[in-house]
Each structure stands twice: as C-alpha cells, then as structure tokens.
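Chains as they are written, first to last, in the numbering used here: chain Y, 1 to 304; chain C, 305 to 642; chain A, 643 to 973.
If you are wondering where the hints come from, they were derived from the structure by calculation, not from laboratory data.
Each hint should be verified, as a subset may be incorrect.
Claimed, not checked - Listed below are several chain A residues computed to face chain C (Cβ distance under 8 Å; list not exhaustive):
(1) Tyr-663
(2) Gly-811
(3) Asp-839
(4) Leu-868
(5) Lys-872
Cβ coordinates follow ideal geometry from the N, Cα and C atoms, glycine included.
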Amino acid sequence: MRNSNQPNNSIDISLVRPKSIFWLYLGKKWYKFSRNKLSIVGLVLVVGIIISAIFAPWITPYPEHAGSFVDFENSGQLPSLQHLCGTDNIGRDIFSRIIFAFRGALLMVSVVLSLAVPLGVFLGLIAGYFQNTRIDIVIMRITDIFLSVPSLILALAVASVLEPSLMNAMIAISVMWWPRYTRVAYGMTCSLVNEYFVIAADLMGASKFHILFREILPNCLSPVFTKMALDVGWVILVGASLSFVGLGEQAPIPALGQMVSDGAGYIPNLWWMAIFPALAIVLTILGFNLMGDGIRDMLETGMG
Amino acid sequence: MKQATNNEILKIEKLKKYFHIGKDKKGPIYVRAVDGVDLNIKYGETLGLVGESGSGKSTVAFTIVGMYRPTSGQILFKGKNISLEASKRPLSSKKEIQIVFQDPGSSLNPRQAINQILALPLRIHAQMLKRQLREKMIELLEKMELSPDYLYKSPSSIGGGEKQMVAIARALASNPSLVLLDEPTSALDVSVQAKIINKLIDLQKELHLTYLFITHDLSLMRNVANRIAIMYLGKICEMAEAVTFFEKPLHPYTQMLISSVPVITEEEKNLKPKKIISIGEIPSPVNIPLGCSFHQRCSYKMSICSKVDPEIIKVSPGHIVRCHLFAKLENKKQERSD
Amino acid sequence: MQTKENILLNIKDLHVWYRVYGGYLKVLNGVHLMVRGSERVALVGETGCGKTTTMKSILQVLPPGDFQIPRGQIFYKGQDVLKMSFKEIQRLRSREIAMIFQDPTTALNPVFTIGTQIGDVIKYSAVFKDEENVHHERIKTLSIKALKDVSLPDPERMLINYSFQLSGGMKQRVCIAMAICSPRNLLIADEPGTSLDVTIQDQIMRLLNGFVEKRKTSIILITHSLGVAKEMTDRTYVMYAGTIVETAPTEVLFKNPVHPYTKGLIASIPKISGGGIAKGIPGKLPSYLDPPSGCRFQPRCEQESPICSEKPPQLFEIEKDHLVACYLTQR
Numbered sequence: 001m002r003n004s005n006q007p008n009n010s011i012d013i014s015l016v017r018p019k020s021i022f023w024l025y026l027g028k029k030w031y032k033f034s035r036n037k038l039s040i041v042g043l044v045l046v047v048g049i050i051i052s053a054i055f056a057p058w059i060t061p062y063p064e065h066a067g068s069f070v071d072f073e074n075s076g077q078l079p080s081l082q083h084l085c086g087t088d089n090i091g092r093d094i095f096s097r098i099i100f101a102f103r104g105a106l107l108m109v110s111v112v113l114s115l116a117v118p119l120g121v122f123l124g125l126i127a128g129y130f131q132n133t134r135i136d137i138v139i140m141r142i143t144d145i146f147l148s149v150p151s152l153i154l155a156l157a158v159a160s161v162l163e164p165s166l167m168n169a170m171i172a173i174s175v176m177w178w179p180r181y182t183r184v185a186y187g188m189t190c191s192l193v194n195e196y197f198v199i200a201a202d203l204m205g206a207s208k209f210h211i212l213f214r215e216i217l218p219n220c221l222s223p224v225f226t227k228m229a230l231d232v233g234w235v236i237l238v239g240a241s242l243s244f245v246g247l248g249e250q251a252p253i254p255a256l257g258q259m260v261s262d263g264a265g266y267i268p269n270l271w272w273m274a275i276f277p278a279l280a281i282v283l284t285i286l287g288f289n290l291m292g293d294g295i296r297d298m299l300e301t302g303m304g
Numbered sequence: 305m306k307q308a309t310n311n312e313i314l315k316i317e318k319l320k321k322y323f324h325i326g327k328d329k330k331g332p333i334y335v336r337a338v339d340g341v342d343l344n345i346k347y348g349e350t351l352g353l354v355g356e357s358g359s360g361k362s363t364v365a366f367t368i369v370g371m372y373r374p375t376s377g378q379i380l381f382k383g384k385n386i387s388l389e390a391s392k393r394p395l396s397s398k399k400e401i402q403i404v405f406q407d408p409g410s411s412l413n414p415r416q417a418i419n420q421i422l423a424l425p426l427r428i429h430a431q432m433l434k435r436q437l438r439e440k441m442i443e444l445l446e447k448m449e450l451s452p453d454y455l456y457k458s459p460s461s462i463g464g465g466e467k468q469m470v471a472i473a474r475a476l477a478s479n480p481s482l483v484l485l486d487e488p489t490s491a492l493d494v495s496v497q498a499k500i501i502n503k504l505i506d507l508q509k510e511l512h513l514t515y516l517f518i519t520h521d522l523s524l525m526r527n528v529a530n531r532i533a534i535m536y537l538g539k540i541c542e543m544a545e546a547v548t549f550f551e552k553p554l555h556p557y558t559q560m561l562i563s564s565v566p567v568i569t570e571e572e573k574n575l576k577p578k579k580i581i582s583i584g585e586i587p588s589p590v591n592i593p594l595g596c597s598f599h600q601r602c603s604y605k606m607s608i609c610s611k612v613d614p615e616i617i618k619v620s621p622g623h624i625v626r627c628h629l630f631a632k633l634e635n636k637k638q639e640r641s642d
Numbered sequence: 643m644q645t646k647e648n649i650l651l652n653i654k655d656l657h658v659w660y661r662v663y664g665g666y667l668k669v670l671n672g673v674h675l676m677v678r679g680s681e682r683v684a685l686v687g688e689t690g691c692g693k694t695t696t697m698k699s700i701l702q703v704l705p706p707g708d709f710q711i712p713r714g715q716i717f718y719k720g721q722d723v724l725k726m727s728f729k730e731i732q733r734l735r736s737r738e739i740a741m742i743f744q745d746p747t748t749a750l751n752p753v754f755t756i757g758t759q760i761g762d763v764i765k766y767s768a769v770f771k772d773e774e775n776v777h778h779e780r781i782k783t784l785s786i787k788a789l790k791d792v793s794l795p796d797p798e799r800m801l802i803n804y805s806f807q808l809s810g811g812m813k814q815r816v817c818i819a820m821a822i823c824s825p826r827n828l829l830i831a832d833e834p835g836t837s838l839d840v841t842i843q844d845q846i847m848r849l850l851n852g853f854v855e856k857r858k859t860s861i862i863l864i865t866h867s868l869g870v871a872k873e874m875t876d877r878t879y880v881m882y883a884g885t886i887v888e889t890a891p892t893e894v895l896f897k898n899p900v901h902p903y904t905k906g907l908i909a910s911i912p913k914i915s916g917g918g919i920a921k922g923i924p925g926k927l928p929s930y931l932d933p934p935s936g937c938r939f940q941p942r943c944e945q946e947s948p949i950c951s952e953k954p955p956q957l958f959e960i961e962k963d964h965l966v967a968c969y970l971t972q973r
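Work out the full structure, taking the sequences as your base and the hints as a guide.
Below, the structure written as structure tokens:
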C-alpha cells in the first residue's frame, strides 16, 4: 500500500483564496488516511471512546455507580441486558464504570502528552541545532540518563514518593515520557540542519528562532505526531499499571487498571469484573495504534 | 595584496578550502576541495564555472556566499574583504550576494507555503509591513511569470521548473547585485531549462545583475556566459572568453570535456576535437596525484607532468592555462623579449 | 510500418491510469512503440511524460493496486505480457529483458557485496534455464567475466567490494554488468548517464553501445537528452504527456522534425557552436487528472485547428517509416 512513483500534478488549483485550499488540503489528507481500512476502524474506536468519555454522565445507564455506591443485592450479576458487563462485588455496573474510567485515562493522556511532548521536542530541537556543543552534550546525556532507567520503575518511584492521586500519577508519567520525544526531535533536527532550505534561510540572515521554529520544527512534526498517536496506548497502559498497584486515581473513582486489580481477586467466580476492564484497555490501545498508522500515512509529503 | 579594480564586483585571490576528515600516520587528512583559485567577475557579466564532481566549483560558490570560511586566501566584494562565514558578515553583504541551489526540491521548505518562503527575505532585508509584503510578493511572482495563486501553494505540488522559479524569486527578493547559480537547471528538462535560462538573461539586463554560473553543461555555458573558467580537482585549468574556448581549447582536460558533449548538428560535430576520448576515473579530492592533478588521464603527458604542478600561464589577453605544454610558449615569449 | 518480421516488442495503444485522490491520473493515453531485433531505440521526453510508466508496464512492476490498464496490449515475441501468468513474467524478467536504472546508488543494495548481487542475477537466470543448481564456482567465473566485460579494473577484488566504496561511474558499470551477465534479448536503460559526470557518461554510453552492437541485443534508451539519442540510436520515439507524438529513424527525425513539440524540443537545446538559447516551449504538461480531450499538446501548440481539441490524433505515416500524431501535418 505504498504510494507509487506518480507524476506530481494531481490537482490543478487555480484558486487564490486560502480557504478553498484549506478544504482541498483536508480532503487530500483524508484520502491518504482512509486508504487503509484498518485506520478507519481505529478512528471509529477512538472517536467512540472519546465521545463516550465526554458524555459519560448522560449516556451511561448507571452514572451514579461511578461514585460511592453500594448495592449488595445486585452484586455479582452476570453480564445481561441490564448490566452489559455485569456488576462487581459491591453491585456497581461495570459498563458504566468503564466509561467513566475512560475519562481519567483520556485526561491522563492529554495532560501527560501536553507536558512531555513540548518539553521533549523543544529540548531535542535545541540539542540538535547546537550539535557537538556543550548544550547538546548536556541535554542528550540527561536524556540518556532518563532513558536508561526502566520507565515503569521510574514512574513508580516518583508516584510513590508523592501522595497517590491522579495528578501525581500524571506528573510521574510525564517525567519519564519527555526523553523519548527529545530523541526523535534530536534525530530529525540533526539531519534537517544540513538541508538546503535551512542553509538558505541562514544565509538569508534569518534569526535562530526562525530557523528552529519556522524551518526545522514543521518538518519534525510528522514523526512526532505519529509517535503521539501510538504513545496514547502506552500512556494508558502505564497509567493502568500505576493504578493497578494503587498509585493513581483513588477509589471510588474508577480507573481501568484498578478495576482489573480489584477483579483479579475474584477470578474465576466473577470473571467479568477483571476481563471487561482489561478488554477495554486492549480496545483503547488497539484503536489508537490503528489510527496512528493512518496518521503516519496522512502526514507523508511527496505527492502534494 | 592586490586591490580590486573599480569594475570588478568580486575578486577571489588564492582561495583555498580544505575539509579536515581525519588522520593517518602521516598527519591530518584533508579534502582539498578548493586548492588555490584566483577569479574576478566584472559588473554585469556572467562568469561560467565549469567542472565535474570533485572539481570544487560548488565549494567556491559556497565559500563566496558564506556557508564556509576560507582556509586561506581572500574574497573581495565591491572592494571589501568578506572572507568570513555568513554569521560573521554584515547584513548588507547577505543582502547583496544571493545563491540559487541545484536541487529545487531541497532548497524550498516542503512544509511552508510559497508566501512564507518569499516573505523571509522581504522581512529581513526590506522591512515591510504586512500589506506591502503581499503586493511585493505578487510582483516577484509576476516577474517570474507565475500567477498570484502560487502564493498559497506548497513546493510539493508544483513542478521542478516552477520550484526553481520560486527559488530565483526568493533570491531576487532582497535586491542583490551578485547572484550565484549552482547548476540551476541540471535537474530539469531541456525545454524547462530554456525557459529558465531566458528568464535569467532577461532579469540580468533588467536588474543589472552579475552572475556566477556554475554548471557541467558546456553547451549551455557557450550560450550564456561571457567568460568561462574550467576547474579540475580544486584548481582552475583554463579560463577564457566563451567563444575562444570552443574555437581554441588549449588544456587537455578542456578538450576531453568538449569531446564528451553529445551533440546534434554537423556544425557542432566539426567543432569537437577529433581524437580525444575520455579515459579513466576522476580521482577523489582526498588523493590528489602529485604534480599536475590531471596527468593520469592526459593523452599529452610528459615526464615533468607527474612531478611538478604547472603554473598559470597567460597565453593571450584574457586567456590563461595551467599546463606544462604551454610553458614552452611562455619561455619562447620571454626569450624573444630579452 | 513495413518490416513485420523480427518484431521483438510491440506496445499497442497502451493506456495506464493511476488511482489518486480526486480520481484517476490518466497518464498513458495510447502508447504505440515497436522494437525489432538488434535495434537501438530511443524514447525521448520530459520528466513526467510517462516514459518510466511505459517501461514499468513492460516488466509488470507497476505498484500493485494503485493502477489500472483499461486498454492496450504489450506483445513480446508475439505474446501479450499483460495476460501472462506470474511464472511467465518471472521468466521474462530473468531471461529476456533486463533493466538498467537511472541512479546506480539506489539500484545497488548497500548491505550486500557486489559479488553477491551479480551472483544472484546469474543464479536466478540460470534456474529458468532448467539447470537446477548452478555450482557456485561457475557463478563466480561468470561474475568475473561480466565485470571484465564492463572494463572494471581488478574484477576479483570487485566481488568483495560494497557499493558505497565505488564511484558513480563504477556503480553504473556494475549495474550494466548485472544486466548483461546472461544473454538477453532486450535491454531497457532508464537515463543511464544522467546522474554521472559528462566524461564518465560518455564512457558508459560507448560501453553500452559496444555491447549492443557486439551481441545484437535490442535496447530501449530512455533519455531526456536528444544529443545522446542522436549519437546512440537507430530509431527515436518522442513522447509527450503519455502519447507518442512522433517517431522516425534517428537521422530522419533530426533532419526533418515535423511535430511542433519535437521541433520546439530540438530548438531548445543549446549548441556548442553558439546561437543563444531558444525561447523554449510555453506552458507546461497538462494535468493528468483532467487531461485535454483532444490532442494533449494542443494547449501549448502555436498552431491550431478546431479538430485538435476534439479527439486525440493518431500516428500517421507522412513519409517512409516516419510517423507523426498531428492533424496539421496530415494534409
């Protein structure tokens, strides 16, 4: 499913207004994204998860079960039409809790990536531009140090020093996440610095700010965005690992890993307590990964 | 130290650019890309710099524009010494000397639209307001016969010839006086090349530009340049007026180059030297042979050629050669004048 | 066309479409090309006119799924390539037709030695000669012979070299060696000298020419340099926007070009005898997404007549063996 060596005039646009070009651009990007049917499956999954997370209080059958709620009469129910994923040991509807747990997961992903990506990319750009100087050495060696510690252990260490909470879990994951982006940005910047268009801008008299952020950065974004899409799955997994050991969102607010951990003790009797949250984790990661493939296809330049 | 004369916009003296690439037992290893080049360009002329890969022609241009700092020698632009890297040069010299690169695909940022590409030099050198910017950009595009809707296109959606037009427009945006053209049409087809070359010639007359035109295409040079200089492994072998070059090529390398050009008409065929066939590979600039750098491939090799590097000899006004074959001429001239 | 005997390759009315956003790129719009045995043919045209697409169709190496061939046939020795089975195409690629690519750096695999790569070619072409397992000593002998034939110095040592240790000219010679190491009937050379210096290009061209003459192989030389076409070929096809606009024996074509595009192209070439640069041909290649319904050159043509925009002109013989696709010359 690679693009062929086609002549490079696909559409003749004789339109001046930037708006029409914008829509054309979007249309082309969608075409590239949708070439692979699996990417669309991923997109559907992701959109479904995001929408259900946002509208959770209104679309779940039992929104109150995501808070302090106890109903021992209905505890341990098998999956049925009333309780799609069954109920847990204290009677809460698992399906609704999963949907609410998505909220925490997505919030975590947004915060972590909003912190880690700009920091990581910025450091990588600077290090790559000032290659072989002290700045480069300092930044990249610090990055190496962070990357040499097993990431989960690092997150656990940070999270256990701080009080267990969602916010602190997010901080912990951000701390271990930014170096990956530094590596990516550093590699791209090192190779871009020798490109003629960067040299031309420099010879023109452009400021270093312009070269870094207007010439080099836009060309780094493609691998960064692709990596972000794929990272969502990883962040969710790490978050679930943290909440599995109790270092994340605290009860009674649901978190996927915590739900799996609670349910693990009830296997094989109330097997649905652990299986469905685990499945939810799998589907989320799968959805973002498939979508990530599509994003990579979409961001390819070349055919205009 | 000679001064530049008034009608020379650029004067290069004994320019050397070596690149350090490592060490061996005998000491550091250098790539001697430019190994002692003297050039001058007069106002308004087109000087053609011809050579194959490893000749150093692009390195000369890159050093003039400031990408590299000369290892030794000096560059005088309008009388002022600018033998420094671009970052240390005053803004005015960056404005005056512009370069157009060979591959338009990599000299334009694929993630920018053309209006952003053209805005950069205008903002830096012309300091314009936003509204004036757009008008000026449309004016530049029209000079290159491109319609205003090109402003919002990205380089990946236009053809090679048009990309090169944009690159030229960008170079002209700062109102330069000297434009270096590094093989601007080598990657393009002959019909597109004709359009671009014609445009360059028209622009030269209209804007009083001076060109340093680098290429390996001799037939193009014949019709574009006023004077031509041929480089081989970092040194100039021959320099003369364009017409003289093809009527009376002296240096064996020049003859080899001309005989390799594929031609179409009978007239051109007759102009080609008869028996020179190209032999051998081009040596790498790391391993430049002792003596004359060309002697291993030369059909007129003499014993002195592998030992002594020839000096530059002035055969007639405006025609210089670097070859032992003509040293005898020079000696004869001196004998007669004694 | 007269001599019907000994026709090696006959492309008839080939149409190739690529699938893209917004529809189809109708690149090839009726290509007719014929190569006889021991004939040297040049295919000349600008970048994007469809030369490489045509060659890729012959060898069936167009990207799968992205293209369509709504019409046309490619006859090789009488058999339609487009209807061949996979095994027959394999045989075609390993025994009959060889391709030499434009950029030798990317045509050679940098992680394998030269010896391995030539050895592979010999091995696979021998397999189809019903020799099941060719002894590796014999492969080595044949490889060395092939490298000697392309005038590479010290062939023994060349076998253990990697491609990045070689210069551009040497790499191209290796590619040619790979193409001629087993006997072929047809060579397709895609701009073989373009990425090389002019003195080296001269050597390579003469080498190729020598082979073709000695072994009586046919060759299709794709180039955008008319000078190369003139010096090296017997017959020239001029291609524009996916159609053949003119074809004639090379001497005849350059003495008497008829199609406006051919004339414009020849005029654009700078001559070492001087004379300045001609104006070139105004305009640019049409969009393949929405090509002109009539003659594809019509938007750039200086002359015009109403029929030019109605339907594409067919190749028409205006003198012996000289065909042109233009309504204005068919009077």
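Tested hints:
no.: 1; hint: Tyr-663; verdict: violated (12 Å)
no.: 2; hint: Gly-811; verdict: holds (6 Å)
no.: 3; hint: Asp-839; verdict: holds (4 Å)
no.: 4; hint: Leu-868; verdict: holds (6 Å)
no.: 5; hint: Lys-872; verdict: holds (5 Å)
In summary, the structure is inconsistent with hint 1 from the numbered list given earlier, while agreeing with all the others.
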